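Enquirer: Let chain F serve as the given structure and place chain L on it in line with the hints.
This is what each chain is made of:
Protein chains: 2
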Amino acid sequence: MTTTRANELTAVQASQAMAEGRLTSEALVSSCLERIAAREEDVRAWAFIDPAQALAQARAADALRAKGGARSPLHGMPVGIKDVIDTYDMPTEYGSPIYAGHRPAADAACVSLIRELGGVILGKTVSTEFATRHPNKTRNPHSPLHTPGGSSSGSGASVADFMVPLALGTQTSSSIIRPAAYCGVVGYKPTFGLINRAGLKFLSESLDTLGVVSRTVADAALLTESLTGLALDATPSSSAPRIGVCRTPWWDKADAATQALIDSSAARFAAAGAKVSSVALEPAFDRMNEIQIAFSSYEFFRALTHERTRHAELLSPSLTGRLAAGGKVTRAAYEAAQADTRQCMALMARHFDGCDIMLAPSTPGEAPDIEGTGEPTFGLMWTQLGLPCITVPAGKGPQGLPLGVQVIAASGNDAGLIRAAAWVERLLAAD
Amino acid sequence: MTTTRANELTAVQASQAMAEGRLTSEALVSSCLERIAAREEDVRAWAFIDPAQALAQARAADALRAKGGARSPLHGMPVGIKDVIDTYDMPTEYGSPIYAGHRPAADAACVSLIRELGGVILGKTVSTEFATRHPNKTRNPHSPLHTPGGSSSGSGASVADFMVPLALGTQTSSSIIRPAAYCGVVGYKPTFGLINRAGLKFLSESLDTLGVVSRTVADAALLTESLTGLALDATPSSSAPRIGVCRTPWWDKADAATQALIDSSAARFAAAGAKVSSVALEPAFDRMNEIQIAFSSYEFFRALTHERTRHAELLSPSLTGRLAAGGKVTRAAYEAAQADTRQCMALMARHFDGCDIMLAPSTPGEAPDIEGTGEPTFGLMWTQLGLPCITVPAGKGPQGLPLGVQVIAASGNDAGLIRAAAWVERLLAAD
Numbered sequence: 001m002t003t004t005r006a007n008e009l010t011a012v013q014a015s016q017a018m019a020e021g022r023l024t025s026e027a028l029v030s031s032c033l034e035r036i037a038a039r040e041e042d043v044r045a046w047a048f049i050d051p052a053q054a055l056a057q058a059r060a061a062d063a064l065r066a067k068g069g070a071r072s073p074l075h076g077m078p079v080g081i082k083d084v085i086d087t088y089d090m091p092t093e094y095g096s097p098i099y100a101g102h103r104p105a106a107d108a109a110c111v112s113l114i115r116e117l118g119g120v121i122l123g124k125t126v127s128t129e130f131a132t133r134h135p136n137k138t139r140n141p142h143s144p145l146h147t148p149g150g151s152s153s154g155s156g157a158s159v160a161d162f163m164v165p166l167a168l169g170t171q172t173s174s175s176i177i178r179p180a181a182y183c184g185v186v187g188y189k190p191t192f193g194l195i196n197r198a199g200l201k202f203l204s205e206s207l208d209t210l211g212v213v214s215r216t217v218a219d220a221a222l223l224t225e226s227l228t229g230l231a232l233d234a235t236p237s238s239s240a241p242r243i244g245v246c247r248t249p250w251w252d253k254a255d256a257a258t259q260a261l262i263d264s265s266a267a268r269f270a271a272a273g274a275k276v277s278s279v280a281l282e283p284a285f286d287r288m289n290e291i292q293i294a295f296s297s298y299e300f301f302r303a304l305t306h307e308r309t310r311h312a313e314l315l316s317p318s319l320t321g322r323l324a325a326g327g328k329v330t331r332a333a334y335e336a337a338q339a340d341t342r343q344c345m346a347l348m349a350r351h352f353d354g355c356d357i358m359l360a361p362s363t364p365g366e367a368p369d370i371e372g373t374g375e376p377t378f379g380l381m382w383t384q385l386g387l388p389c390i391t392v393p394a395g396k397g398p399q400g401l402p403l404g405v406q407v408i409a410a411s412g413n414d415a416g417l418i419r420a421a422a423w424v425e426r427l428l429a430a431d
Numbered sequence: 001m002t003t004t005r006a007n008e009l010t011a012v013q014a015s016q017a018m019a020e021g022r023l024t025s026e027a028l029v030s031s032c033l034e035r036i037a038a039r040e041e042d043v044r045a046w047a048f049i050d051p052a053q054a055l056a057q058a059r060a061a062d063a064l065r066a067k068g069g070a071r072s073p074l075h076g077m078p079v080g081i082k083d084v085i086d087t088y089d090m091p092t093e094y095g096s097p098i099y100a101g102h103r104p105a106a107d108a109a110c111v112s113l114i115r116e117l118g119g120v121i122l123g124k125t126v127s128t129e130f131a132t133r134h135p136n137k138t139r140n141p142h143s144p145l146h147t148p149g150g151s152s153s154g155s156g157a158s159v160a161d162f163m164v165p166l167a168l169g170t171q172t173s174s175s176i177i178r179p180a181a182y183c184g185v186v187g188y189k190p191t192f193g194l195i196n197r198a199g200l201k202f203l204s205e206s207l208d209t210l211g212v213v214s215r216t217v218a219d220a221a222l223l224t225e226s227l228t229g230l231a232l233d234a235t236p237s238s239s240a241p242r243i244g245v246c247r248t249p250w251w252d253k254a255d256a257a258t259q260a261l262i263d264s265s266a267a268r269f270a271a272a273g274a275k276v277s278s279v280a281l282e283p284a285f286d287r288m289n290e291i292q293i294a295f296s297s298y299e300f301f302r303a304l305t306h307e308r309t310r311h312a313e314l315l316s317p318s319l320t321g322r323l324a325a326g327g328k329v330t331r332a333a334y335e336a337a338q339a340d341t342r343q344c345m346a347l348m349a350r351h352f353d354g355c356d357i358m359l360a361p362s363t364p365g366e367a368p369d370i371e372g373t374g375e376p377t378f379g380l381m382w383t384q385l386g387l388p389c390i391t392v393p394a395g396k397g398p399q400g401l402p403l404g405v406q407v408i409a410a411s412g413n414d415a416g417l418i419r420a421a422a423w424v425e426r427l428l429a430a431d
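Chains as they are written, first to last, in the numbering used here: chain F, 1 to 431; chain L, 1 to 431.
Hints are computed from structural coordinates only; laboratory data are not their basis. Note that the structure is predicted; figures quoted are calculated from it, not measured. Cβ atoms here follow ideal geometry from the backbone N, Cα and C, with glycine treated the same way. Any given hint might turn out to be false.
[As the list claims (entries may be wrong)] Below 27 Å or equal to it, Euclidean Cα-Cα: the simulated DSS-like pairs (lysine-lysine) are:
#1 L:K328 with F:K67
#2 F:K275 with F:K396
#3 L:K67 with F:K328
[To be verified] Far from chain L, some chain F residues (derived; all Cβ distances over 12 Å):
#4 V12
#5 S31
#6 Q53
#7 P144
#8 L145
#9 F162
#10 W251
#11 L319
#12 L401
With the rest of the complex left out, here is chain F (with noise of 0.2 Å):
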């Protein structure tokens, strides 16, 4: 540990580093904001970073702490927290113009869940356009001329670069999946609704999702524990998980080396002991893709009427368009859309009495260019059913960017998740 920077440490390291009184938490914060100092202007990841407040929380941290009064395992930890996110203290700007220099009057329950604990908000990470497709100033840490993904796309390419352990992200279609594979970090969306949402800026309430970027699987284990009150065990399974390979109706989206991936990586676990399966989806789940983009486009409209009837001048095209798009959903489109997801969730709960976890690619391929955020093909359903999913590092690409895979597991076993995801991690780590 001596020779590794305190902000190379992963949040479980950095935990017992400091419980141990061989880290301060304001040498770890210090550790980070170097690292800020010296790479943001490359890598974009900030919305908003004080390094005084974010020095002065550390150092209130470790006095608490000087005092016994740790109060969690995420005593003096910094975060990132999206800037979709409200902050009393922070701006808070939903990657709009509509809300440039905006100080929300509260913090939002997860942030002042992770206060509470004793963890510190380092900055705001930032946000596509409130949490949309249209990009924001965010480059790939791994490569400045492609994109970091979206809309976690700060929170991605901060954890990715070492200049934070740990941040929150949103997911509503693949917000956090993406952003995570392309950066080659851990991205984890929790079963719908596992951390409080109040104060989250809404843009689909029946399928926006709190979740954690971070660099191990357990390390989102850590911060979701800590948020919820759910135990989270991250030591991988002491069993070979049973995995369901799913290649998706959406398998021709994705390239021949995410392809190959999937492939590859469904063998070694299968070397490993895992028993390995094919899951193959009724025709009823070949329309959720465009299902989900219906269904949150209805939401989108009503979410952010106050945005396009006062500040129309202001929202991307792309906004500006899918919204329109959402305006014209009829109420009994989107109960279509409601009763054909709750058909597919059920179908989908018999799909994981066969395997434990199922296996599917994260992206179609590594980041596109920076002019985008790329394609959220392998999000939209997952999101739309509700279920847990982790993006795990797995190498690199073609372009020597980084690819992830998913694991998905059935709604409300964020446990087995963990587990399954620890051992899968475990595995794809041993090259």
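Expert: Relative to chain F, chain L alone:
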């Protein structure tokens, strides 16, 4: 109509009069403001009202209509907004001194949708503290010594007192049904999630539901249809509905007059041709009220973390106690409550195979005195199960204060609920 003051018109009547050029929004809003000027000192229904601001909106609506630009049946209609719902141009204090003078950056979705439809945001109606039980300043318009109920206290009192034809409320336990029943008006809590919640101050995100207080079932349907696009026809059912009388496991908490009211109403409906049966709930339902309290308290504790950690001295003793209890609800207990709720949802769906609506008490009796806001007893289970429900005025109790009966439908059957409630309303009004 010449003898009816404009503020006494129902929303449907006012809408029609404006569409036919017999009434302007300015005249309607002026009439509401006159009533408020005359009565607000006694009733105290408004957290904020600025007559000039309301009249300016009304004149703008009239000007637009004069140019052929009427936008919807809500065009020119004044609506009261419960003060837990954000408005960008009026203070929003969530019923708490913590937020004295708070001005949100944006309207809640429901508010901006009303504006988009041409409606007039008349003002903010009083909420109890964060929509919990601690009373605010409002009095029952039928008796200043009695509570209007809560938490949508001002919405219930203002509509009952002819200050405004429509008001938005929210319900987490019984916060629409109870004040509407105590004040002698209609209260409609839709199926969970029907009206978009972006911009609502969350208390329990799994339960908080936006709904309407109005003087007729048709008026509640008018506003809800406008906000959601769900077709709601408030023509009374042509054939008498099948009615299941649900005494609920808390029947002995209803006073004699309320029990008699349910029984006499059922007899009356049967005499009018309804097929009336008795719903025998399984023992699993016996714990639904205590489950609702534990489940919601777990969420309160998280949603109000900012307030309880930074402004504890400004919380009422009752809310402080509720939050402390919520902090002790374990994740396992919360998940057990979820599982019990799902089981009861499935059981309840089967009971609705045998009836179109259920009939149950709205409250344990008439409004109690002004020290509290009454008991949520007959709202908790229906809210926990996410079911749509309406309270319909049903005469007066022994103290001369209003009573209501509650009508409940299966999840998602809001259209059926509205038609059946309109049938019930017509019968109960036939005295």
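Enquirer: Hint by hint, note whether the structure agrees.
Expert: Hints, one by one, checked against the model:
1. For the hint linking K328 of chain L to K67 of chain F, the alpha-carbon distance of about 25 Å falls within 27 Å, and the restraint holds.
2. With a C-alpha separation of about 26 Å, the suggested pair K275 of chain F and K396 of chain F falls inside the 27 Å cut-off, and the hint holds.
3. This hinted pair checks out: K67 of chain L and K328 of chain F have alpha carbons roughly 25 Å apart, not beyond 27 Å.
4. With a least CB separation of 20 Å from chain L, V12 of chain F remains clear of the 12 Å interface cut-off, as annotated.
5. For S31 of chain F, the shortest C-beta to C-beta distance to chain L comes to about 28 Å, beyond the 12 Å cut-off, and the non-interface label holds.
6. At the 12 Å boundary, the C-beta of Q53 of chain F stays outside the reach of chain L, the nearest C-beta of that chain being 16 Å off.
7. For P144 of chain F, the requirement that its beta carbon stay farther than 12 Å from each beta carbon of chain L is met, with the minimum near 33 Å.
8. Chain L leaves L145 of chain F outside its interface by the beta-carbon criterion, the shortest separation being 35 Å against a cut-off of 12 Å.
9. Non-interface status of F162 of chain F relative to chain L is upheld: no Cβ of that chain comes within 12 Å, the nearest being about 29 Å off.
10. No beta-carbon of chain L is positioned within 12 Å of the beta-carbon of W251 of chain F; the least distance is around 33 Å.
11. Listed as outside the interface, L319 of chain F is consistent with that label: its C-beta sits roughly 15 Å from the nearest C-beta of chain L, beyond the 12 Å cut-off.
12. Look at L401 of chain F: its CB is around 35 Å from the nearest CB on chain L, clear of 12 Å, so calling it non-interface holds up.
Figure legend: structure checked against the earlier numbered hints; every hint is met.
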